[in-house]
Amino acid sequence: YRSTDDGQTWKVLKATNDNSTTFGSLWQALWNVAIDPSAPDSLSVVYACSIGGVYRSTDTGNTWKTVLGGSLSAYSYYTDVQVSKSGVVYATLSSDGPQKGIWRSTDGINYTNITPPNFPAKYNRVVIGISTTDPNQVYFLANSDSAGMPDTNFLGQVEWDALWKYKYISGSGDSAGGAWFNLSANLPSTGGLFDKYNSQTSYDMVVRFLPGDTSTVFIGGTDIFRSTTGFFDASHTAHIGGYAVGASLPAIKTYPNHHPDQHVIFFSNSTPYVMYSGCDGGVFKTMNDTAANVNWISLDNGYMTTMFYAVSMIHEIPGSSVLIGGAQDNDCLFGNSFTVSNPWTKPLFGDGTFCYATDSGKVFYFASQSGKMFKEQMDTLTGTVTNFNRIDPIGGKGYQFVNPYVIDANNSNLMYLGGGKYLWRNNNLSGIPYANMYDSISTNWVQFTDSLPVPGGANITAVAVSKVPANRVYIGTDQGRVYRIDSANTGTNPTMKDITGHSGSNAFPGNGTFVSSIAVDPKNADSVIVTFSNYNVRNIFFTSNGGTTWTRVNGNLGATNGPSIRWATIMHVPSGGTIFWLATSTGLYATDTLKTTGTTWVGQASGQIGNAVCDMVDVRPVDGLVAIATHSRGIFTATITSISQVAGVRNITPPAALQVKTYPNPTAAMATISISLLQDESDVNIRIYDMQGRMVKELPGGHMSVGNHTVQFDGSGLQSGIYYCNVQAGDKKETTRIAIIR
Numbered sequence: 075y076r077s078t079d080d081g082q083t084w085k086v087l088k089a090t091n092d093n094s095t096t097f098g099s100l101w102q103a104l105w106n107v108a109i110d111p112s113a114p115d116s117l118s119v120v121y122a123c124s125i126g127g128v129y130r131s132t133d134t135g136n137t138w139k140t141v142l143g144g145s146l147s148a149y150s151y152y153t154d155v156q157v158s159k160s161g162v163v164y165a166t167l168s169s170d171g172p173q174k175g176i177w178r179s180t181d182g183i184n185y186t187n188i189t190p191p192n193f194p195a196k197y198n199r200v201v202i203g204i205s206t207t208d209p210n211q212v213y214f215l216a217n218s219d220s221a222g223m224p225d226t227n228f229l230g231q232v233e234w235d236a237l238w239k240y241k242y243i244s245g246s247g248d249s250a251g252g253a254w255f256n257l258s259a260n261l262p263s264t265g266g267l268f269d270k271y272n273s274q275t276s277y278d279m280v281v282r283f284l285p286g287d288t289s290t291v292f293i294g295g296t297d298i299f300r301s302t303t304g305f306f307d308a309s310h311t312a313h314i315g316g317y318a319v320g321a322s323l324p325a326i327k328t329y330p331n332h333h334p335d336q337h338v339i340f341f342s343n344s345t346p347y348v349m350y351s352g353c354d355g356g357v358f359k360t361m362n363d364t365a366a367n368v369n370w371i372s373l374d375n376g377y378m379t380t381m382f383y384a385v386s387m388i389h390e391i392p393g394s395s396v397l398i399g400g401a402q403d404n405d406c407l408f409g410n411s412f413t414v415s416n417p418w419t420k421p422l423f424g425d426g427t428f429c430y431a432t433d434s435g436k437v438f439y440f441a442s443q444s445g446k447m448f449k450e451q452m453d454t455l456t457g458t459v460t461n462f463n464r465i466d467p468i469g470g471k472g473y474q475f476v477n478p479y480v481i482d483a484n485n486s487n488l489m490y491l492g493g494g495k496y497l498w499r500n501n502n503l504s505g506i507p508y509a510n511m512y513d514s515i516s517t518n519w520v521q522f523t524d525s526l527p528v529p530g531g532a533n534i535t536a537v538a539v540s541k542v543p544a545n546r547v548y549i550g551t552d553q554g555r556v557y558r559i560d561s562a563n564t565g566t567n568p569t570m571k572d573i574t575g576h577s578g579s580n581a582f583p584g585n586g587t588f589v590s591s592i593a594v595d596p597k598n599a600d601s602v603i604v605t606f607s608n609y610n611v612r613n614i615f616f617t618s619n620g621g622t623t624w625t626r627v628n629g630n631l632g633a634t635n636g637p638s639i640r641w642a643t644i645m646h647v648p649s650g651g652t653i654f655w656l657a658t659s660t661g662l663y664a665t666d667t668l669k670t671t672g673t674t675w676v677g678q679a680s681g682q683i684g685n686a687v688c689d690m691v692d693v694r695p696v697d698g699l700v701a702i703a704t705h706s707r708g709i710f711t712a713t714i715t716s717i718s719q720v721a722g723v724r725n726i727t728p729p730a731a732l733q734v735k736t737y738p739n740p741t742a743a744m745a746t747i748s749i750s751l752l753q754d755e756s757d758v759n760i761r762i763y764d765m766q767g768r769m770v771k772e773l774p775g776g777h778m779s780v781g782n783h784t785v786q787f788d789g790s791g792l793q794s795g796i797y798y799c800n801v802q803a804g805d806k807k808e809t810t811r812i813a814i815i816r
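For the sequence shown, position 593 (counting from the first letter as 1) is numbered 667 according to my numbering, and the numbering increases by one without interruption.
Keep in mind that the hints were calculated from the coordinates and are not lab data.
There could be a bad hint or two in this list.
[To be verified] Within a straight-line C-alpha distance of at most 27 Å, the following computed DSSO-like cross-link-like pairs (lysine-lysine) qualify: (1) LYS735 with LYS806; (2) LYS436 with LYS571; (3) LYS541 with LYS597; (4) LYS806 with LYS771; (5) LYS436 with LYS541; (6) LYS139 with LYS88; (7) LYS669 with LYS597; (8) LYS359 with LYS436; (9) LYS597 with LYS571; (10) LYS471 with LYS571; (11) LYS771 with LYS807.
All values derive from a computational prediction rather than experimental measurement.
Construct the complete structure from the given sequences, taking the supplied hints into account.
Structure, rendered in structure tokens:
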């Protein structure tokens, strides 16, 4: 994207826009963009590095030429590019590609491989830091493989990282023209599990010189470190951000007013001592980056980019403004006001996931990554935790990163938990004491018998429980199957019925697809929506008979170019009627009617949520509160008490399911017949009739997917006159007139 007004508005650079949900262009993932400060117009020459390629533009990004890599058949996954103030370009490509290594160019077009001979043989991401004081000095920070400095992370895994310094001397910079220094042994490697250098296998990496100083160098992984000797020794290094010094399990602490996982370091143009840090916690600023104890200032207020996986509310109290949510690498969060400036507190550290408030806000359940779950009591005025205990079961394994669990709609002491291929049930959550312990427990947990009959096994990815009638549980898996368990509240081996859709065009997508959510109608457990997160598949299905039969209700969201569906919710509004909500990869959608011949899903909150990825919708029907968790724009709420408040649901006429056009028309002989299937794939028959109703030609049709198709019509053997092109797709028919004039 390019902005010409200091970032207030942005426009996509068309040459870089693949606009596809399948991998077919290296432009689909970008690592970095760099400008050439030596160019007469410093913005005219731009470099970009993507998965597999390094590109150069001389017209502010309108057109691009590949200068390194660029092949889809064989490529380096990781790349980086930086340009010195004198216009020298440095680029890196990981060792899995044919143009691997470290490259240098003085014109941005011709490159010399300057990789030192003793550089690690295998390496992933390699990031670059060029001195602004002496552009001939460059640092390369690498995530390597069995070479460099080893580190054992908190998961017990050994990772290797390397740090090298390069100094240009003469010529092309290769061999004798450049000096290399291996500084890997001086990477911070002492301390606990969290306060050493760790790049998390290339996830968080940055290296920068202090402007005006070639000896002070900063590196970032999970933490930030500063060396006043350029890491030529290990004794002049300070830990200045990320995790707290000495951070340890189970209560992991962070550096004061800072956050782990560093991606960006940059400096004020007016003074190098003012430094900014961009990390998974947002943007932070220090007024003195050379101080013995660096103090950070959070700049996150009003910076609405939090990536929520989940959102929940107190469902029993109309008018309650308490909201809780789980955010990617930003903890479980608690708020008690709908005011955007209201501060949120953090009841649980880590990657926050699903959460629930029960018993009118007397009990809260929070979870973090990979199935860690806590039961907590909170002061809802201050947002502080007063008591807690970890509650996930001893022996649980195979958890999803964002792992599903659900509280029973009729009994807040009953919980169902997906644990890999097993379903777990806790029979009495109130019987778990608040002991302020961080270990898994066995109290009141029951593991169901493994009975997911999928070849190769399957893992549970979605869990839902009924309200009317009670005690029915639906589960979905990562193999695209859905199961129903009646009387799930008793026993350890209840019947698990496979209700996966297998019938024709209403068949589920199949193995390898991912059930993302199951929405059970709170008034009728036979009415269920199942969604799939995969792209380019049929991904929204509805049953009105408990899974005996299914109907595909994608409608205008399509199956070929439609969004990924993350969550579905069924809401009965106070004034009557039903709203079906969808959280998707392109925003929030709703409808009030599910149609077998084509549901019309209408985008909501275009001026607020827009096309931001939405991960969950939670509702409180008693007062109409709707909360949406977005994966980049925070949480949004609205009060919906009538279907008429939902944008466009009642006043949009869905387009015809089958559309047929011909051109040119009239024609002397040849014409193109354009066929658009807007709802369902189908077998298509195309026949040409004369004015007497006689079929004079049948054109090749066959099975067509949802989308646009063209068929060529040759009328050269027909007499001048009016003919009719009849297209039949399943039970849908459309006829258009063709005039042949000679």
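Would the hint linking LYS436 and LYS571 be met if the CA-CA limit is 27 Å?
violated (36 Å)
Is it true that the CA of LYS771 sits at most 27 Å from the CA of LYS807?
holds (17 Å)
Given the proposed pairing of LYS669 with LYS597, does the C-alpha separation stay at or below 27 Å?
At roughly 19 Å apart (the allowed maximum being 27 Å), LYS597 and LYS669 satisfy the hint.
For LYS806 and LYS771, compute the direct alpha-carbon distance and say whether it is at most 27 Å.
holds (20 Å)
Within a Cα-Cα threshold of 27 Å, do LYS436 and LYS541 meet the stated pairing?
holds (21 Å)
Check the hint pairing LYS471 with LYS571 against an upper bound of 27 Å on the C-alpha distance.
holds (23 Å)
Has the given pair, LYS735 with LYS806, been kept, meaning a C-alpha gap of at most 27 Å?
holds (15 Å)
Holds or violated: LYS597 to LYS571, with C-alpha atoms at most 27 Å apart:
holds (22 Å)
If you draw a straight line from the CA of LYS359 to the CA of LYS436, is it 27 Å or shorter?
violated (38 Å)
Restraint status (C-alpha distance of LYS139 to LYS88 at most 27 Å)
Cα-Cα ~14 Å, so holds.
Would you check the hint for LYS541 and LYS597, treating anything up to 27 Å between C-alpha atoms as holding?
With a Cα-Cα distance of about 7 Å, the restraint between LYS541 and LYS597 holds, given a limit of 27 Å.
Violated hints, in rising order: 2, 8; the structure is consistent with all others.
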